[in-house]
Amino acid sequence: MIGQAVLAALAPGEQQHLLDARQMQALSFSVHIPLVCFGTAFPAMILFAEWLSHRTGDAELRRLARRWSRVMVALFAVGVITGTILSFEMGLLWPAFTATFGSVFGLGFAIEGFSFFLEAIFIGIYVYGWDRLSPRLHMLSAVPIILTGFTGSFMVIAVNAWMNHPSGFHLVGGQVIDVHPWRALFDNPYFWHEIAHMYLAGYIVTGFVLAAIYGFGWLRGRRGRYERAALAIPLTIAALAAPVQILVGDWAARDVAEYQPTKLAALEGLGRTEKGAPVHIAGWYDAGRGEVRYGIPIPHALSFLAFHRFNAQVQGLDAVAPADRPPVNVTRFAFQTMVGIGTLLALLGVFYLVVRVRFKRLPETVWFYRALVLAGPLSLVALIAGWVTTEVGRQPWVVYGSMRTAQAVTGAGPIPYGYATLVIVYLAVAGGVVWILRRLARAELAA
Amino acid sequence: MSLADVPMLFILAGLIAYVALAGPDFGAAIWQLTAGRDEDGERLRDLAHDAMAPVWEANHVWLIFVLTVMWTSYPEAFGSIASTLCIALFLAGLGIVVRGAAYALRSGAKGLREQTRIDTLSAGSSILTPFALGAAIGGVASGRVPVGNAAGDLWSSWINPTSLITGAIAVATAAYLAAVFLSGDAVRLGQPELAERFRRRALGSGVLAGALAAAGLVVLHEDARRIYDGLVSGDGRPALIASVLAGVATLALVVVRRYEPARYSAALAVAAIVIGWALAQQPILLPGLTIHQAAAPHTTLVAVVIAVTAGGLIVFPSLALLFRLTLGGTLRGGHGDEGTAVAPAGPPPARALVDVATQGLLVRGALACLVVGFGFLSVLDAGWAHAIGVAALLGFIVLGFVAVLPRDLLGDA
Chain C
3 MIGQAVLAAL
13 APGEQQHLLD
23 ARQMQALSFS
33 VHIPLVCFGT
43 AFPAMILFAE
53 WLSHRTGDAE
63 LRRLARRWSR
73 VMVALFAVGV
83 ITGTILSFEM
93 GLLWPAFTAT
103 FGSVFGLGFA
113 IEGFSFFLEA
123 IFIGIYVYGW
133 DRLSPRLHML
143 SAVPIILTGF
153 TGSFMVIAVN
163 AWMNHPSGFH
173 LVGGQVIDVH
183 PWRALFDNPY
193 FWHEIAHMYL
203 AGYIVTGFVL
213 AAIYGFGWLR
223 GRRGRYERAA
233 LAIPLTIAAL
243 AAPVQILVGD
253 WAARDVAEYQ
263 PTKLAALEGL
273 GRTEKGAPVH
283 IAGWYDAGRG
293 EVRYGIPIPH
303 ALSFLAFHRF
313 NAQVQGLDAV
323 APADRPPVNV
333 TRFAFQTMVG
343 IGTLLALLGV
353 FYLVVRVRFK
363 RLPETVWFYR
373 ALVLAGPLSL
383 VALIAGWVTT
393 EVGRQPWVVY
403 GSMRTAQAVT
413 GAGPIPYGYA
423 TLVIVYLAVA
433 GGVVWILRRL
443 ARAELAA
Chain B
12 MSLADVPMLF
22 ILAGLIAYVA
32 LAGPDFGAAI
42 WQLTAGRDED
52 GERLRDLAHD
62 AMAPVWEANH
72 VWLIFVLTVM
82 WTSYPEAFGS
92 IASTLCIALF
102 LAGLGIVVRG
112 AAYALRSGAK
122 GLREQTRIDT
132 LSAGSSILTP
142 FALGAAIGGV
152 ASGRVPVGNA
162 AGDLWSSWIN
172 PTSLITGAIA
182 VATAAYLAAV
192 FLSGDAVRLG
202 QPELAERFRR
212 RALGSGVLAG
222 ALAAAGLVVL
232 HEDARRIYDG
242 LVSGDGRPAL
252 IASVLAGVAT
262 LALVVVRRYE
272 PARYSAALAV
282 AAIVIGWALA
292 QQPILLPGLT
302 IHQAAAPHTT
312 LVAVVIAVTA
322 GGLIVFPSLA
332 LLFRLTLGGT
342 LRGGHGDEGT
352 AVAPAGPPPA
362 RALVDVATQG
372 LLVRGALACL
382 VVGFGFLSVL
392 DAGWAHAIGV
402 AALLGFIVLG
412 FVAVLPRDLL
422 GDA
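If you read the protein sequences in the order shown, they are chains C and B.
Under the working numbering, the first residue of the first sequence is numbered 3, with each subsequent residue one higher.
Under the working numbering, the first residue of the second sequence is numbered 12, with each subsequent residue one higher.
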């Protein structure tokens, strides 16, 4: 058999396609995370629009909530399948990781499965229950969707926080002993900033993506009551959440400085441990010289941000062996992208808030709406850049300090084929999603 | 029976639920393909879609449940199975992706041509997924998955006599369950002529599934003797008998057009065969690895039992509600925006949510929350301070939202 001949050449053991496996995993996450954002934040916005329609008797708001709920269920269905692929990949790509540590972290995913269950059940009831349940019951059925969106993220982030700051086990000869799954997942100081950061990101991404869509309509002259509501609800949430995210991000960076100094050094391109360390904006990390070149330095800023003291000592990359350092430029570029976009989004949000409070109207300049149209896709870029920052910044470890990614990977050969197939399938799915969203946007709906 | 076996019971229960609930979804897609391109065919396809739509997501979560409990409770076995059977499982995953995407797309499809195209896609994937999952189970049952990271043969572990027949049985079972369920759904929806069409399909696919199951015993006799002995003369025998009886009873019920009891006896037949396999295979999970050896440490098993029990207490009443609403017809017939939609009651008088006086207060309150949040989260370093800071920042977002949202949306004149 041809297949067998190929496999003989790629005998299990050393996996030469580690990078393919990591990229396949990264692709799967990049597709899934935006859908997660919509799963966590969209239901709350839809429920608010429906509640408001009942309160004010405004049929336009009801029409909006209804159309959004159809979009939500389509996106949720795609989220179910991309989430299923992720759970398959836990075994297909990283069997040694699950085989070794499944008993420690797996519980988080099992509980997340129940969240997912409840979300799926009540999405079915909510979306298909329009006009068939009483308004009160119908709105009530959306509440579990909002809550489970939070608990689901909570569990997944608990596992990720554990991978970054593992505890609750001892590793002896490649076997875990003395396992405490509850403690591993829920008694972790690294967890809290991650969940706050991710949950806010969900609202920011959902808010700005929706605002971008209706901002585009605004530029095209679609400015009726329906469109005003569709623009204002998500935009107001995102505009408030974006500045808050900067504060939460700063908190996250201080936790990283404390628990993962090597990741912080990679984020900032800090080659050598030093006191009064600077921040560099842009530039390129030169591994040979151990410093950032062509960047704009801000003296003492890193020491202050990380430890609140201008002359605090910040650990550099030289504190660990070269084999234990993450790829600096990828991590740093992703980090700067996230921070840069996050700052722009916060500025845009503050501008909107000021106009609303000061002048009691929506912004009128076309530049604001042009910026909104860009803010949607940029918020997605920031989201994925943030995920790259934390995941690539943890390398070469899959479980920080305990298991290397290279030890976790499958011994099976045909990763590149799987990766290529998944790329094609996901491109087709993406095309399909765009098609259905356009179709749903144009569909005529009763109030 | 000890604590180490309990998660396996959860896994089997989840597997049965997945086969009995998501199986008909795949089966329905297969029937959509064979429905023909005339108007009758369209009605059949629509019913097959609408009957599944409200429960689709929930049904598919069962598989995720099975996977997560498996890797938490029997991590080493999970890693071995997933790495050796990676091709079969990847194909199953792709099939699920295509099926789910087709499901999402169909709600926006207009006209026969678009729908037929989408249905073709989803039918193809609906054959692929049950087959690949069945083949993977066949690989485990016939002992072709050794312990280790991709230690078994990547191809013969799922392309072998036991896997092929198990995969074929899985596809036939999915089609059969779908036809039985949809017969009942058609009657409920007052479409007896559609019910007749599904009845014929149920009888045909039921006989086929039975024949394949009988052939499966012959294959097991040659290829997986341990499972054969376990089923025919060992612990699995009662389950095998129960499955045969339930299968025959279902056919009889379909013949006399008693579709509602047939729904349950069909599910029972499937459940019995899964239980029979488990009884025949235990106590060995993989060659050289018993369930007890594969089990996670005691603390983890306790945690899994607690989590699944607590989760079940919440999920089961919710599921019951969903199925009651679906089978009762409350959630049937699309998104509720067609002719069935009830006109909303006349609008109540608009009531101002926030008057102008309180708006100023809200803005000030929001700003105060922001300052407090900054102080506690960004200046202070203690954990308790961070908790207060995050709460204050949430307060900023909530108060700010009410203060900043345009007045007219809030019912303010």
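Since the hints were derived computationally from the structure, they do not count as laboratory data.
Glycine included, each C-beta is placed from N, C-alpha and C at the ideal position.
Treat each hint with caution, since some may be false.
Stated by the list, open to error - Computed footprint of chain C on chain B; a stretch qualifies when at least three of its residues, placed anywhere within it, have a C-beta under 8 Å from a C-beta of chain C:
1. 31–45
2. 57–68
3. 145–155
4. 189–199
To be verified - The calculated label-pair distances, taken between Cβ atoms and stated as ranges, are:
5. Gly223(C) x Leu378(B): 33 to 41 Å
6. Ala28(C) x Asp49(B): 27 to 35 Å
7. Ile399(B) x Val356(C): 25 to 33 Å
8. Trp437(C) x Arg335(B): 30 to 38 Å
9. Ala430(C) x Asp16(B): 36 to 44 Å
10. Arg440(C) x Ser13(B): 54 to 62 Å
11. Val267(B) x Pro379(C): 53 to 61 Å
12. Ile298(C) x Pro328(B): 37 to 45 Å
13. Gln25(C) x Ala393(B): 39 to 47 Å
14. Ala430(C) x Val229(B): 35 to 43 Å
Quiz prompt | Hint check against the structure, violated hint numbers in rising order | solution = Of the numbered hints, 1, 3, 4, 6, 12 do not hold.
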